[in-house]
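Take each chain as given, in its own frame, and dock them per the hints.
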Amino acid sequence: MAQRKNPAILFGYRLYVLAFFIFLAAPLLAAGLFAFNDSLFPTLPWRGFTLNWFFNDTEPQLGMFHDRRLLRGLYYSSIIAIMVSVLSVFVGTCNAFLFVRGNFPAKNFFYILMVIPLVIPGVILGISILVLASSMANSVENAFDIDLGMLRPGIFLVVLGQFSFITTITSLVITARLKKFDETMEEAAFNLGASRIRVLRTVTLPFLFPAMFAAGIVSFLVSFENFNTTLFLVGSEAPLTITMYDRMVKVGSTPVLNAVSFFLMVGSALLALLSIVAQRDKSGT
Amino acid sequence: MQKDIRRLSLILLFTPFALWIVLLIILPHIGMVILSLREKVAPRVYEYGLANYIDFINEPIYWNTLLRTGMMSLLVTTLALLIGFPIAYYIAKIAGNRTRGALFLLCLIPLWVSDLIRAFGWILLLRETGVVSSTLVWAGIINQPIEFLYNDVTVVVGLVYTVILFMIVPLVSTLDGMDNSMIEAGYNLGGNGPTVLRRIIIPYAMPGIVAGCIVVFMLTAGSYLTPILLGGKNSSWFTEQIYDQFITRYNWESGAAFGFLLLAFTSIVVWLGLKLSGQTLSTTVAKS
Numbered sequence: 078m079a080q081r082k083n084p085a086i087l088f089g090y091r092l093y094v095l096a097f098f099i100f101l102a103a104p105l106l107a108a109g110l111f112a113f114n115d116s117l118f119p120t121l122p123w124r125g126f127t128l129n130w131f132f133n134d135t136e137p138q139l140g141m142f143h144d145r146r147l148l149r150g151l152y153y154s155s156i157i158a159i160m161v162s163v164l165s166v167f168v169g170t171c172n173a174f175l176f177v178r179g180n181f182p183a184k185n186f187f188y189i190l191m192v193i194p195l196v197i198p199g200v201i202l203g204i205s206i207l208v209l210a211s212s213m214a215n216s217v218e219n220a221f222d223i224d225l226g227m228l229r230p231g232i233f234l235v236v237l238g239q240f241s242f243i244t245t246i247t248s249l250v251i252t253a254r255l256k257k258f259d260e261t262m263e264e265a266a267f268n269l270g271a272s273r274i275r276v277l278r279t280v281t282l283p284f285l286f287p288a289m290f291a292a293g294i295v296s297f298l299v300s301f302e303n304f305n306t307t308l309f310l311v312g313s314e315a316p317l318t319i320t321m322y323d324r325m326v327k328v329g330s331t332p333v334l335n336a337v338s339f340f341l342m343v344g345s346a347l348l349a350l351l352s353i354v355a356q357r358d359k360s361g362t
Numbered sequence: 680m681q682k683d684i685r686r687l688s689l690i691l692l693f694t695p696f697a698l699w700i701v702l703l704i705i706l707p708h709i710g711m712v713i714l715s716l717r718e719k720v721a722p723r724v725y726e727y728g729l730a731n732y733i734d735f736i737n738e739p740i741y742w743n744t745l746l747r748t749g750m751m752s753l754l755v756t757t758l759a760l761l762i763g764f765p766i767a768y769y770i771a772k773i774a775g776n777r778t779r780g781a782l783f784l785l786c787l788i789p790l791w792v793s794d795l796i797r798a799f800g801w802i803l804l805l806r807e808t809g810v811v812s813s814t815l816v817w818a819g820i821i822n823q824p825i826e827f828l829y830n831d832v833t834v835v836v837g838l839v840y841t842v843i844l845f846m847i848v849p850l851v852s853t854l855d856g857m858d859n860s861m862i863e864a865g866y867n868l869g870g871n872g873p874t875v876l877r878r879i880i881i882p883y884a885m886p887g888i889v890a891g892c893i894v895v896f897m898l899t900a901g902s903y904l905t906p907i908l909l910g911g912k913n914s915s916w917f918t919e920q921i922y923d924q925f926i927t928r929y930n931w932e933s934g935a936a937f938g939f940l941l942l943a944f945t946s947i948v949v950w951l952g953l954k955l956s957g958q959t960l961s962t963t964v965a966k967s
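Residue numbers (our numbering), protein chains in the order written: chain A, 78 to 362; chain B, 680 to 967.
Hints should not be assumed to be uniformly reliable.
To be verified - Derived SDA-like pairs: lysine to any residue, alpha-carbon spacing no greater than 25 Å straight-line: (1) B:K682 x A:L269; (2) B:K682 x A:E260; (3) B:K772 x A:K327; (4) A:K327 x B:R928; (5) A:K257 x B:L691; (6) B:K954 x B:K682; (7) B:K719 x B:A697.
Calculated from the structure, these hints are not laboratory results.
Just chain B, with the same shape it has in the complex (with noise of 0.2 Å):
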């Protein structure tokens, strides 16, 4: 009787899991993929095969797009953890107790704005008519304004903005979960800064940092509005490429095989990461 009530409840639980990942996440995949195979030979007639995905290497644009989006978005990675390890380093670590939670705070509430208002905010400042463009001028540094909008540079400044808090926020948890008698034993034993970092600081941060860099990565690598509104019509994002293919040119088939390289290609990274790391998506992003 208890056993029966055991496993009656056990399905019970089960059953909107395994709902919610077979009917949202492997039927749609699967369907993606299926569809991906398909070519359009006339109307309403479909032959199977890999026309999309040979399409895709006979067409420079296509892969170009899809390692320019790979290159920067592994740039925009190495950024974020050069530039939010030391913050959160200071936050877990250098701060008082009461900055701390304050700092913490600073870093969350810009997590909750959506990215749309963030891209416009940098739009407002960088744009030709913007407020940098306008301040410079006004005190003499420029003769007219200048289009910082529109390259290169401000999609990946934009593109770390917009995921560095990602990065933060698990640095912050892992550090804070750090000893800090650890750091002095490495110090009392004779180490130097860059050693103590080297040999004590990162190893413990590891499920932090490779937590924070495929949050990051694949946050990026995904991501649609900041490239497309900060690098303008060129932004050559592959994001944008499927987008075309399915709203603009209607050919699903296409745009499912774009959807599907873009999934293979960073899974293919994060699984790189994890194994260089030595580090499980258990013990990293699924860890909170």
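Looking at chain A on its own, in the form it has when it is part of the complex (with noise of 0.2 Å):
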């Protein structure tokens, strides 16, 4: 577009990208530097700088550190997505083989039903996964008088919903990955006597690991920081987002909500970090 264009409308064009990152950044700023005003309103002016809002263990300027129910909230939010990653990036790294290695007949059909998952809206997939536990919770209770609580909204249901599309996004990525891998590694090593359980672990597997190591920080991220499908299956043990949202409607915004906003912004950036540079040792390979 703009090769052979003069230096004005560079400029304008340059301009104009700045402002879209103004645009991007602006309000996650305002969201992570109000946690470090020392004022009981996340509002201006500025009235000093303090970690109050972190590691202060009194009202009414209570820490996040010190706040039971956020870092509850935390606690949960992390055992969820802890469990969503080691799922999804076990039933993707099976869906990988399938869908690289695999002869099976419509297997196009079944790659679309793979991919679905990911643009059913969120709010759905909840209020689905919901609906068809508790008829089966209603319908065991009914039948033969036990009451299956595993089936009744809670961290299960939660993790059962956020696996439910985040396993295709662990299935994207890994499957790239084996699709990049040069099947003759393999059969050198047969040659070399090597049993098939052998080969995968000493070959395949490490080649995937970078993938295999990236999707689950994906996935992890994507479950910490999900709200929609949760929002119906959530239990008495509420994760961070939903937290919150809570406070953010019943008690309005305070800046602890700032601190906390603030700590999740910086993990997650970090996380996001290494995903990539995990990703980035395979083009070196």
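Given below as structure tokens:
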């Protein structure tokens, strides 16, 4: 577009890009920076720098690391995110082998089935899983008089709900990596007398590991920030996003929410960088 | 023997896939449709029929909300494409090698920040006591604080903000694969900027454009937090109606019908988009 254009237009174009990145950063900065304002409300004017919203242990400036409910939310979010990552990386790896190596009828159709969860709105995944789990729980209760607590809203359903679409992401990431694998490497190992399991363990899986690691981090982050699907499946163990939303709606915004936002932004930026570094290694090998 | 092993491993690999798709995608959706066809006529007595859908048609608030959600999602998708395409083109084709990586990274980092935090940031900027309003008062441009929240423009801006990265990322990867000499050739053959854009760049980028539009449209139509937090009680977003039926009124039958309608509506729009652009799901979203 701008290849043969004069400097003025290129300058205008650069200005547009700059304006866009300011637009991108503005709300994140607002959400993060007010965590350090020594005031009871996240508004201007600036009343000086403080770390109270992180570490103070008394009201009214109760810091996030002393706020029981926020900490509990953080704990549940972590548990859920770890379970979702482990499960979805496992199934994603199986799917990658299935679609790259496997030969079976209607493969294309199944591949599209695998992608579909990503384009179903999260709210609908949430309610449909809630409906099925509840009706199963009700039937079991009516027939055998046993209450299957795990099929009622709670951590187990939240994990299933998030897993249902995050697996598509992990499958796509790991499939892309497996497609680049040179199968002669496996053949060489077979020729040298290695067993199937040994080849998988020493040749194929190490090659896939960067993608599995990156997919795991991506699932962790997506699970941590998920709201729409979680909203319908959550029981009494509310993860952090739900706790924050509740606080925002019921109490209004206080700078402790800015502290949590800052903490989450730094945490997810670090994890995202880690996954990018892990992915980058592959281009070298 | 070798063949048996192959078959066994295929079955072993197929099992988790089948369990996932059948138990968490297909059966729940069938369950949702069945529930939506059921109506409570008395306590513990149900009748099957289209009553929930007829209620939807008879109550203008419901279908107006769905239409409104659809129209605004299309608007957001269009805006995201128009705003995002030049950015993606800049990152893929104009920025130098070193800045390209940095800009792409800058684009990716907000992607991992929760919708909730982004909406919270907008609230702090735009509310009556917020940064924008108080800065304008301080600068003497306005006399008293203005409430920028709770109107449609803010909702659209907030939604574009939330989803635009899902437009830019596929566009950058498609444009990245495009050979610069194709653009050169276009100019050498006498094309000017707009012609090269229309005849060469856009056709080449089509899979990326369609993929971005599908994801952005689905995310917008299914979004919950941004319209509610930035639009307030009157945002009339369809997901809010679903939540209302499910959680507030505990009318699951009608909520399931609404869920199915939202799914059907968005699927039809995506299908139309694919048909009109001559793409398929596997050439766009699944390609990564």
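Outcome of the hint check:
1. Taken as a hint, the B:K682 and A:L269 pair is honoured in the structure, with Cα atoms around 21 Å apart against an allowance of 25 Å.
2. Distance check on the hinted pair: B:K682 and A:E260 sit about 19 Å apart at the alpha-carbon level, within 25 Å; holds.
3. A threshold of 25 Å between alpha carbons decides the hint, and for B:K772 with A:K327 the separation of about 47 Å lies outside it, so the pair is violated.
4. In summary, the hint linking A:K327 to B:R928 is supported, as the alpha carbons are separated by about 20 Å, within the 25 Å threshold.
5. Proposed proximity of A:K257 and B:L691 is supported: the alpha carbons are some 23 Å apart, at most 25 Å.
6. Distance restraint check for B:K954 and B:K682: the Cα-Cα separation of roughly 41 Å exceeds the 25 Å cut-off, and the hinted pair is therefore not satisfied.
7. For the given pair, B:K719 sits about 34 Å from B:A697 by alpha-carbon distance, which is inconsistent with the 25 Å threshold.
Taken one by one, the earlier hints fail for this structure at numbers 3, 6, 7, listed in ascending order.
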